[in-house]
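So the protein sequences, as listed, match chains A and B. Under the numbering used here, the residues of the first sequence are numbered 1486 to 1607, in order. Under the numbering used here, the residues of the second sequence are numbered 1486 to 1607, in order.
Since the hints were made in silico from the structure, they are not lab data.
Which copy is meant is left open, so a pair is good if it fits within one copy or across any two.
Below are the SDA-like pairs computed for lysine to any residue, each with C-alpha atoms no more than 25 angstroms apart in a straight line:
1) Lys1495 to Ser1513
2) Lys1524 to Ile1558
3) Lys1559 to Val1540
4) Lys1524 to Ser1489
Just so you know, these numbers come straight off a predicted model, no measurement behind them.
Number of protein chains: 2
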Amino acid sequence: MNSSRCAACKHLRRRCPSDCIFAPYFPSNNPRRFAYVHKIFGASNVGKILQDLPVSYRGEAANTLCYEAYCRIKDPVYGCAGIVDQLNEQLKIAEYQLATIKAAITTALQPSYLLDQSLPML
Amino acid sequence: MNSSRCAACKHLRRRCPSDCIFAPYFPSNNPRRFAYVHKIFGASNVGKILQDLPVSYRGEAANTLCYEAYCRIKDPVYGCAGIVDQLNEQLKIAEYQLATIKAAITTALQPSYLLDQSLPML
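This is chain A alone, in the form it adopts within the complex:
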């Protein structure tokens, strides 16, 4: 029945079988979700990745494939790997700040440092 075809089968203009590998993860009311993964991975590769996984993992895999496909469409050069690079950079900065501040605290807590400081409020 045409009206019950999933987004993948609608996109691929084919009948949606009762055991369709795509249907649970690509509902007909969200056609863009399948269009993204189809453009980047291809329907056959997405189907293979899902098929090779236990059913309980397929939903998460479909979500992460959509996320990656969306990233690649938005940024065809770096895709999701560009987000990894940005986050690594931010993490490096945050860890450097933490290390610097901890080192400064350690220095400030040395008795010799405290004695050398003027504490005008005392």
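Assemble the complex: chain A is given as a structure, and chain B must be docked to it using the hints.
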């Protein structure tokens, strides 16, 4: 000539044309590099992504596609998106630690706080 085919054309068992879209980025001495992207994205999609980019960006795009394909082969459920999740989590922890330590310093530098503290080393 067979011996000069790139990794993609060798994998696809075809002649490597002089203007092969894959050849500059998938040298014959690294067949796994193409095998990864072929398995996850498909040769046709990789070719289309590269073809749609200016030549100067294609090398980076090939590298990031290989990285994403490798991540997906290693972790078929989460792929590269799993790395993004992990990094986001680590960044959240580092930023929370930074905010906590900065708040503690601000409190410790309040004159009222300093007056309330015993400073045994003084």
